[in-house]
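Chains A and B, in that order, are what the protein sequence lines are. In this text, residue positions in the first sequence follow the numbering used here: the first is 1, and each later residue adds one. In this text, residue positions in the second sequence follow the numbering used here: the first is 1, and each later residue adds one.
Derived from the structure by calculation, the hints contain no laboratory data. Do not rely on the hints blindly, as some may be mistaken.
To be verified - Derived Cβ-Cβ restraints for the label pairs, each shown as a range:
#, chain 1, residue 1, chain 2, residue 2, range
1, A, Glu25, B, Ile225, 34 to 44 Å
2, B, Ile225, A, Asp177, 25 to 35 Å
3, A, Glu59, B, Glu94, 10 to 20 Å
4, B, Val74, A, Ser28, 21 to 31 Å
5, A, Glu78, B, Gln188, 34 to 44 Å
6, B, Ile225, A, Glu30, 29 to 39 Å
7, B, Arg80, A, Glu59, 40 to 50 Å
8, A, Arg192, B, Gln188, 41 to 51 Å
Note that the Cβ used here is the ideal one computed from N, Cα and C, for glycine as well.
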Amino acid sequence: MVKAGKVAARKAAAPAGGAPRSADEIPSVERFERIVDEFQRRLYGFALRMTGNREDAEEIVQDAFVRAFRALGKMTPEQRAELRLQPWLYTITLNVTRNRLRSKRPTNVALDSLADPDALLNHTQEGPEQPEQIVERGTDLELVERALLQLPMHLRAAATLRFIEGRSHPEIAEILDQPIGTVKSHVHRAVRILRRILGPQVGRIAHEDRGTAPGAQEEPINAV
Amino acid sequence: MRCSDVEALWDEDAKSERALAHLRHCRDCQCSYKEYEGVAYCLNCLPVVEPPQNLLPRILEHIRLLRQHFRSAVPDSFTRMDSPLGNLLLAWRETGITFVGIERGDDEETAKSVVERRLRRPLLKAEPPAWVRGAVDKFFATWRVDVDRIDLSGLSPFERLALLKAAQIPPGEVRSYGWIAREIGNPQAARAVGQVMARNPVALFFPCHRVVDASGALHNYGYGIDIKARILRMEGYHAAEPSARKVH
């Protein structure tokens, strides 16, 4: 359950230029449909990567929006004005995911993901130039999906938010309610474990594809 | 720069010149960095899976039902009423009084929506019936209230026990959170009792202002510690010197 106290404590960072948000931008239950429309895709993707199971992801997203709606209804206008919507929604989704996975046996997670490869199959048939086809040369996206699911929950959350959702360290720190240093160390540990599971070929694939082997060429290394 | 220092910078968007220089010359780090970038790249390549088309309508339908539930909930009646402590906010149903609070200078609409959020039910402004007026008048005349005038249905069993026990503290006296916890057979629960007092929906009538900490300090009050002291003075309570304080 989302605690009102926690919600209240989540202050908005000063917006760029210090401009206050207009009434239209402040999240509210009256305009909640718009929030659902804007975020359901992203939260579904996140929940799917965290659980490896489509049914779970659907349930989680629904539950997360219901909780958000209820919590928003209990907030004062000041609390809503200070709320940072996107990290808050990720936090709720993550909490629901944790609760749901906790009530399941851990083995179910991995089995579910194996039993449900439709997402991957459907997708790779669609576009001939999808980047994942490049990865398929040496490894296999299904392998990557499964490797991610083998991570402990907190490392999976850090890696998913960082590399799949593309969130910044400060934003992940806010979502997970952890110091930035802890987030960085979790991201590192996640990568280290994934490297071990996926084997050394993953490094070669990426660089062969992009021709950016560090050291081999005297040019700055691109940010990941 | 040591390899471990450089590794810590891999995930930074801006890498320092020193880190880049190290990376150009250290074979081990180059190898590890390739693997690191590879992992990131692989994760990045995972397809974006679209939610099923019926997910959005399903969620919106759920939200619509929640809205309907709130709107169709039978509203409590609500009024603002003068009192020796300033304006009181009161809500009631046929079954009893559901909310008493002290107004904090909000306009009526704001005050109403604050109480609606507390009760999670809509409120309808109404003239208070005689039994509600009677309960308020009796309280300020005797500092006592009939608990059967209070609707307890929204409270958990623990909240009910703690608040009913608080209602037994005579006017002009105080007791500690620990005392209530012991009296209701849960001596470890002093902090939980504190939380119940903090959430007390029927202030004054459930006299959480008579509950203080074990040293006799007033501790806290939802409407401000000055108000707590004022109510206690009005009831005839005089705090002893700190050295002589001992609260049951």
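Here's how the hints hold up against the structure:
Checked against the hint of 34 to 44 Å, the pair A:Glu25 and B:Ile225 passes, with Cβ atoms roughly 37 Å apart. For the pair B:Ile225 and A:Asp177, the beta carbons lie near 30 Å from each other, so the given range of 25 to 35 Å is met. Between A:Glu59 and B:Glu94, the C-beta spacing of about 39 Å breaks the proposed range 10 to 20 Å. Separation of B:Val74 from A:Ser28 is about 24 Å and conforms to the stated range, judged on CB atoms against 21 to 31 Å.
Under the hint 34 to 44 Å, the C-beta atoms of A:Glu78 and B:Gln188, about 36 Å apart, fit the expected range. A hinted range of 29 to 39 Å for the beta carbons of B:Ile225 and A:Glu30 is consistent with their spacing of about 36 Å. A beta carbon spacing of about 44 Å between B:Arg80 and A:Glu59 agrees with the range 40 to 50 Å that was offered as a hint. For the pair A:Arg192 and B:Gln188, the supplied restraint of 41 to 51 Å holds, since their beta-carbon distance comes to about 43 Å.
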